[in-house]
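These are the residues of each chain, in order.
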Amino acid sequence: MSAVLTDMPKTDMSKSVAPATTKAIAPSKGGRPWTFYVLATLFSLYVLALYGPMFCIYILSFQDIRGGLVFPMKGQSLHWFVDLFTQVRTGDVKGSFDRSIKLAVIVTIITVVVSFLAGLGFRKRFRGDTAVFYMMIGSLVAPGLVLGLGTGLLFQALGLNASWYTSALGAQLSWTLPFGVLVMFAVMSRFDHVWEEAAYDLGAGRWQSIRLVMIPVLAPGLVAVVLFGFTLSYDEFARSLQTAGSLNTLPLEIWSMTLNVTSPSLYALGTVTTVISFIVIGASLGSIVLIQKKRGSSAKG
Amino acid sequence: MKSDRGDIELAGVCKSFDGVTNVVDGVNLKIADGAYCCFIGPSGCGKTTILRMIAGHEDPTAGEIVIGGQNVVGLAPVQRRTAMMFQSYALFPHLTVRENIAFALRVRGMSKTDRLRAADAMIEKVRLTQFADRLPAQLSGGQQQRVALARAAITEPRVLLLDEPLSALDEQLRVQMRQELRRMQQELGITFIHVTHTQLEAIALADLVVVMEQGRIKQAGAAREVYAHPHDRYVAEFMGGQNVLSGCVEKVNGASFTLAQAAPDGIEVPLQARSSINVGDKVDIAVRRDDVALVRPGKELPPGCTTSLPSRVLAIEYQGYFVKVMLDTVPDDEFIAYVPEKTFFADPFTIGDVVVATWATGSALPLA
Amino acid sequence: MQPSPAQTPPRANLAGWLYVSPLVLVLVPFFVAPILVVLLASFFATDGFGGLTPGFTLASYVEVLHSALTLKLYLATIKFTVLTWIFTLVIGFFVAYFLVFHVRSQLLAIGLFLLCTVPFWTSNIIRMISWIPLLGKEGLINQALLGLGVIRAPLEVLLFSDLAVVIAYVHQLTIFMIVPIFNSMARIDKKLIEAAIDAGASRFDIMRLIVVPMSKSGIALGTIFVVSIVMGDFFVVKVMSGGGSASVVSAFYEDVGVLQYPTAAASAVLLTLVLVAVVSLILRTVDIRQEIAR
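Chains as they are written, first to last, in the numbering used here: chain A, 1 to 301; chain B, 1001 to 1368; chain C, 2001 to 2294.
Don't read these hints as lab results, they were simulated from the structure. Just so you know, nobody snuck in bad clues.
Lysine-lysine pairs mimicking DSBU-like chemistry, simulated, CA-CA at most 30 Å apart:
#: 1; chain 1: B; residue 1: K1218; chain 2: B; residue 2: K1030
#: 2; chain 1: B; residue 1: K1125; chain 2: B; residue 2: K1112
#: 3; chain 1: C; residue 1: K2072; chain 2: C; residue 2: K2137
#: 4; chain 1: B; residue 1: K1125; chain 2: A; residue 2: K294
#: 5; chain 1: B; residue 1: K1282; chain 2: B; residue 2: K1324
#: 6; chain 1: C; residue 1: K2079; chain 2: C; residue 2: K2216
#: 7; chain 1: A; residue 1: K293; chain 2: B; residue 2: K1112
#: 8; chain 1: B; residue 1: K1324; chain 2: B; residue 2: K1342
#: 9; chain 1: A; residue 1: K74; chain 2: C; residue 2: K2137
#: 10; chain 1: C; residue 1: K2216; chain 2: C; residue 2: K2191
#: 11; chain 1: B; residue 1: K1299; chain 2: B; residue 2: K1251
#: 12; chain 1: C; residue 1: K2190; chain 2: A; residue 2: K293
#: 13; chain 1: B; residue 1: K1299; chain 2: B; residue 2: K1324
#: 14; chain 1: A; residue 1: K294; chain 2: B; residue 2: K1112
#: 15; chain 1: C; residue 1: K2137; chain 2: C; residue 2: K2079
#: 16; chain 1: B; residue 1: K1218; chain 2: B; residue 2: K1282
#: 17; chain 1: C; residue 1: K2216; chain 2: A; residue 2: K124
#: 18; chain 1: C; residue 1: K2216; chain 2: C; residue 2: K2190
Quick caveat: nothing in here was measured; it's all calculated off a predicted structure.
Using the sequences and the hints given, assemble the complete structure.
Now the structure itself:
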């Protein structure tokens, strides 16, 4: 040992290991490093920019009849909300709203079921899995408008009528399914294969092990897929534009409103759709928390 | 025709995952009904694969697995009437203790009241009654293990398979759970097959210890047989507690032979079961570490000892009831003596002391 | 232990295909077929009134590739893409870094993370419109600047300009960077950072040698999202530039509006090729399937 040390040229030692520089980080004494304050500021600004504009329109939607598109507030009333659902010039808000919710529900159900099955399939390698995977990625990154147009033309060529519950449904699925499957990959990575094996060992069939073990264990993740499916569909625009046929979905209706409505009705619509979104988010997060809670704590003693 | 017997026979069982190398390579073994059998070997020796093939989670590439007189290859785990206790238990995280234990009855379509009653009876047997409504995450390691055991046992399997059941526990709990396993096995009266890499666990529990290396069985026998009479160098070194020496046979005389070694007069070894030993053969012998006595040079050897190997003390480790003395007796190989504490401290050695290592001639064991 | 697909038994292949067959049954008619239709249409001739004449001509490609407008559109699209990518990456990286390495309570970190993701679940169009009361000619920012006396006349570049387009993109898409980067950063073992500090690394060294390399997959994934969305967008450009700017897809939209299907299709095919090239270049650096399933 000592022989090794004396053999080592001394100069090398001092060169290869420089003394710690002043840049080196001192142990934390409980205080925050300067980077914390810089990044905290950046973070706050980001959140402010994220929410600020949205809150502006929520506030402005509660003006009275004199209201305009910019501050300052002119009075307070629900005038523009009433206006939104009664005036003809603002378009068919109620009908499109109805259609969008229905469509989103259908899309969500299909997305959850299909991506759950695909997630099961992708757990093991099979011949051609990479091709299917890349087809999915392609569907995710392809320009929505182009896909929508292709779908529209296809329906036209086949002599089918484009409508929100056929062509637009398919076009939206080509967007929500890849998302759903990707989320499902992340969800299923948390499922230990050995639980399934234990279920088989105890006599469960394939379907029983899915129903009694897999689905309940993965429930929080499946709720996340529901959230994705619903909101991605509810907000989908580019792919629906050429495929929805004669009756608009809500985002299409908003789009046509941005072109010809210049009253706070637009903001009122923003407020209403956001409230819907928040109800869906709240219900989803709430049920995730509920499931976790039921599992995590309780029954002590 | 179903049999309740849990005797197992493995005949020429092979398993390969990639079609090239055999992870399990031609294993033949008979395990009696109601035996406690431990498979032991280093990781990757194929012991877990054998367990999974008996359970029905893998099928052998070749060979037969016979349980109670019935070849079970190709049958589903349930049809084999085996049950597995998984490493780290695989308890269902969303089900309570009671629901976990009742799971097998639930999938068999038993009514809720019936299955919960059966589960409660089992819960009582493993002394978990006050924890019946808890989820696995709220239990200690030992409690989880008891749940896993109860869940596996509730279907009244004829064979219970345990994959490293004690590895997730700390030392103290492990000793405690070892007794619990043995008690459960006697109570249920069924065959237990237990995979482990801990020698102590295997010899403490098993009626039948199976030592494995690279997919093959090296030795199978009663715990004492395997520990005290290892077949070969591998088993002797793996099971521990033995010094292994090798050398050439100098002469063969009647019931013993002499091994040429550093010892002035060679090492005299009884022939025992081995008969075909010729002068010039290279032979391994084993001497138990607790059979080795150390005497100061010039002192008389204890009665019955003929071998004397002069050595230097390299290191000393105090182990409580004995003292582990490491010696340079054999070049390039370790040679250790376990000296009882009282003997050692009557005349303690220090590192660097020269001693003579010796043992009763009859205790040396020739290896294959 | 995982056998490669070539050695999997036929039964496993069949089971795999059964599970993914619903996915395939949706993607073939609604992704593969429409793309093929567009490809086919790009080779057709047009009668100028919206009618398509089946045939095979490269005229549309020649027209698109010779048009000076094409170059302009691509330059504009690339400009928007690069600017948006830089801003979303920088903001997304540091926001994720802050959440993972600076927020000490894990519960708080998750709470703040959710705070960032909530707007993602609300309507994009509405979020875009919401810039009007801020950036407009009489909007809050102009009012504030006038009030402070910084400017004399309201700034018109704020809304309906390229600046507004980039602001709207960054506003909508930063979340697509934060989520994957946060995910990969959260998996970095904090002990690695401590080991680096032990070895005398500065903050910059830690960032450069540990955090960035280990977040690479998150960055790649976020980049795929941001790049493909910006390159495929027409809506933000149209609304936020007030019609003043155009991108490849917004021009495509105009072409479709005047029933110029073949040229529109040709430019769409070219754009898709560019997009595929960019995405597969990124995919080459990271196996996202492995990454997500980790």
